Amino acid sequence: MMNSVKKIVLALVVLAAATGMVFGQAKKVTIVVMPKLVGIPYFNASEVGAKKAGVDLGINVIYTGPTTADAAEQVRMLEDLISKGVDAICVAPNDPAALSPVLKKAKAAGIKVLDWDTPADKSLVDLSIHQIDDKVYGQHNWDLLVKEMGDTGDYAVITGGLSAANLNGWIDAGLAYAKVKYPKLHLVTDKVPSDEKQQVAYQKALDLIKAYPNLKGIIGVSTPSPLGAAQAVQEKGLKAKIAVVGTALPTDSRPYLEDGSLRVATLWDPGKLGYLTVVLANDLLKGKKPVDGQDVANVGKIGVWADGKTVIMGPPSDFTKDNAKNFAF
Amino acid sequence: MKNNATVKFVQRFRNKEAVLFLIFIGVFAFMSILSPQTFLTMRNLQSMAYQLPEFGIFAIAMMVVIVTGGINLSITFTSALASIVGGLVLATMTTAGISPTLTILAGLGVFILIALACGMVNGFVVATIGITPMLATLGTSTLFEGVCLNITKGGAISGFPDAFLWFGNTAILGIPFPMILFIVVVVVAYYLMERSSFGLKAYMIGCNPTVTAYSGVSVKKVLYGVYLFSAVLCALAGILMSSRYNSAKESYGSSYLLQSVAAAVLGGTDINGGYGKVVGTVLAVMIIQVISSGLNIFGVNRFVINVIMGGILIMVLALNLINTGKKANA
Numbered sequence: 001m002m003n004s005v006k007k008i009v010l011a012l013v014v015l016a017a018a019t020g021m022v023f024g025q026a027k028k029v030t031i032v033v034m035p036k037l038v039g040i041p042y043f044n045a046s047e048v049g050a051k052k053a054g055v056d057l058g059i060n061v062i063y064t065g066p067t068t069a070d071a072a073e074q075v076r077m078l079e080d081l082i083s084k085g086v087d088a089i090c091v092a093p094n095d096p097a098a099l100s101p102v103l104k105k106a107k108a109a110g111i112k113v114l115d116w117d118t119p120a121d122k123s124l125v126d127l128s129i130h131q132i133d134d135k136v137y138g139q140h141n142w143d144l145l146v147k148e149m150g151d152t153g154d155y156a157v158i159t160g161g162l163s164a165a166n167l168n169g170w171i172d173a174g175l176a177y178a179k180v181k182y183p184k185l186h187l188v189t190d191k192v193p194s195d196e197k198q199q200v201a202y203q204k205a206l207d208l209i210k211a212y213p214n215l216k217g218i219i220g221v222s223t224p225s226p227l228g229a230a231q232a233v234q235e236k237g238l239k240a241k242i243a244v245v246g247t248a249l250p251t252d253s254r255p256y257l258e259d260g261s262l263r264v265a266t267l268w269d270p271g272k273l274g275y276l277t278v279v280l281a282n283d284l285l286k287g288k289k290p291v292d293g294q295d296v297a298n299v300g301k302i303g304v305w306a307d308g309k310t311v312i313m314g315p316p317s318d319f320t321k322d323n324a325k326n327f328a329f
Numbered sequence: 001m002k003n004n005a006t007v008k009f010v011q012r013f014r015n016k017e018a019v020l021f022l023i024f025i026g027v028f029a030f031m032s033i034l035s036p037q038t039f040l041t042m043r044n045l046q047s048m049a050y051q052l053p054e055f056g057i058f059a060i061a062m063m064v065v066i067v068t069g070g071i072n073l074s075i076t077f078t079s080a081l082a083s084i085v086g087g088l089v090l091a092t093m094t095t096a097g098i099s100p101t102l103t104i105l106a107g108l109g110v111f112i113l114i115a116l117a118c119g120m121v122n123g124f125v126v127a128t129i130g131i132t133p134m135l136a137t138l139g140t141s142t143l144f145e146g147v148c149l150n151i152t153k154g155g156a157i158s159g160f161p162d163a164f165l166w167f168g169n170t171a172i173l174g175i176p177f178p179m180i181l182f183i184v185v186v187v188v189a190y191y192l193m194e195r196s197s198f199g200l201k202a203y204m205i206g207c208n209p210t211v212t213a214y215s216g217v218s219v220k221k222v223l224y225g226v227y228l229f230s231a232v233l234c235a236l237a238g239i240l241m242s243s244r245y246n247s248a249k250e251s252y253g254s255s256y257l258l259q260s261v262a263a264a265v266l267g268g269t270d271i272n273g274g275y276g277k278v279v280g281t282v283l284a285v286m287i288i289q290v291i292s293s294g295l296n297i298f299g300v301n302r303f304v305i306n307v308i309m310g311g312i313l314i315m316v317l318a319l320n321l322i323n324t325g326k327k328a329n330a
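For the record, the sequence lines run as chains A and B.
Sequential numbering of the first sequence, starting at 1, is according to the working numbering.
Sequential numbering of the second sequence, starting at 1, is according to the working numbering.
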């Protein structure tokens, strides 16, 4: 018995020493990029960008996240990664409050903490990377609408959900802008929620078309909304009369863009966002902070707010029937 | 030599739990050898000890119901509803400036009370009305989810007193508080299910409810008891989660529902009722935790982890079937 115990101990010691030698070699910087969930086109596109940045910079990029948008699952995965010992964590929180305790743990372990795509608790992050300036993006949506329907007439807004902070930010900015810049635009009713579902947006759009016969335009905010509205307009044969614009992914919106029921879709490129996140995290580890107007390779000029923490990737990208096929998200 | 010892060990216990224990040791050793620097570290062991209890408590909440031949598909939403209402009480009393001690006591009371109410609903639907547990708890689960969403409108409840975070984030003598709570739950569950007449009745119902009723046991009362016990465990898991995540939301822990069925079944619990041991469930939870954390640390894709978990579950079920088949033949 003693003999076998000794053998096992000896084997373990040898093994530990061997692995120690393997792991003991110069350690590459490891950056974790965690999306809200994996396996959807948007976050698949950002994975490609993040991984590419890892190759370009010669660092390890771990792109991993839960398979459903569950904050609890994100917390557990982050805890495991903190145990593993990484250099920086960039996370798109499913729920900012839920992630605060684990982000505190990460900071206590000396790990740099960044958020991307969706803000976390601002006091806990070293950098907060936003895809877009909410105000600029809201205004941009209204500009697109006016370009398609003219600056006079009735229009409606379909949003993802009434409590979604980012969507509300865009809509409020757009409405305030329209009041000053396009006074002849007339919003027929308060923003209409679609529960982030294309089917619901379609129903609501049909209701709007019926209730307001003079409707000339619909802005869909949140990615399924413009698609549902376009579907309704297409079905009613009103694509010449009602202009639909809004925030949508190019692959989803391509069929509607091609037949003209959706005039133009606008969003940012999630691939670039993933790329930028990794680049800035790597800079931060080297002690370099981003500056306003900095030109990041493969991304473009970025904006940095006065707080030195909030980074804006840049202006939105518009998708039309001509360019939608060039994008993979 | 080692093989002989293993054989003797299995022969001595000759049960599913011993096999599970060996699997656990094997998996743990495998992960440790693959990456001693990251897996076999104090920090990782501690972080697993923080993660395991909430899952483990859910698994036991599931197991005690499966033992009676039922299933409780409402565990995660029972926990969520308790957390949301309890969380509201915590947040409101904190803003009102009431002392933290009083706030936390009241909050914890509400967690338990709401869960008990959910347990009563389950008990009523299953035992009094007599609807098949799977359908009954699927219904109550949707009901609880609806109530949650009506309260939160899809958002999260936060703003708990700082002292409340203690439950999920503090270690006593190096042992995380959630782990201590889990050990208490395991001991209580063991005595209640395997050492008390109540537990015996629960197993009897799982084997044959009709015979049990004719033996003079009030099946209804026992079923109510089991669903209430399961609900209280959900409340405890809810307390740990709200504290660890500093907020309450209907979707927290939703991924635990099927995992806890998996853990109970992997732990040897007969899905048709009548057999199931607390220790088996605990071992299964430990195995799943080690695999999940280990593969996470190696950076294995989450979808692949699901595939591996599913594969292990099917393998163990098949092994169990082969074993019982052999016994029946012998």
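Just so you know, the hints here were simulated from the structure itself, not pulled from any lab data.
Fair warning: there could be bad hints in the mix.
Distance condition first, Cα-Cα at most 16 Å in a straight line; then the derived EDC-like pairs of lysine to aspartate or glutamate [unchecked claim]: (1) B:153 x A:307; (2) A:289 x A:318; (3) B:153 x A:195; (4) A:104 x B:162; (5) A:122 x A:259.
Some but not every residue of chain A turned toward chain B, in silico, with C-beta under 7 Å [what the hints assert, rightly or not]: (6) 29; (7) 67; (8) 100; (9) 101.
Remember, it's a predicted structure, so these values are computed and weren't measured experimentally.
A virtual CB, placed ideally from N, CA and C, is assigned to each residue, including glycine.
Results for each hint:
1. B:153 x A:307: Judged against 16 Å, a Cα distance of about 32 Å means the pair is violated.
2. A:289 x A:318: Violated, at about 30 Å.
3. B:153 x A:195: holds (11 Å)
4. A:104 x B:162: holds (14 Å)
5. A:122 x A:259: Not OK: residue 122 of chain A and residue 259 of chain A at ~43 Å, beyond 16 Å, violated.
6. 29: violated (15 Å)
7. 67: With a minimum Cβ separation of about 5 Å from chain B (threshold 7 Å), the hint on residue 67 of chain A holds.
8. 100: With Cβ-Cβ at 5 Å, under 7 Å, it holds.
9. 101: Holds. Min distance 5 Å.
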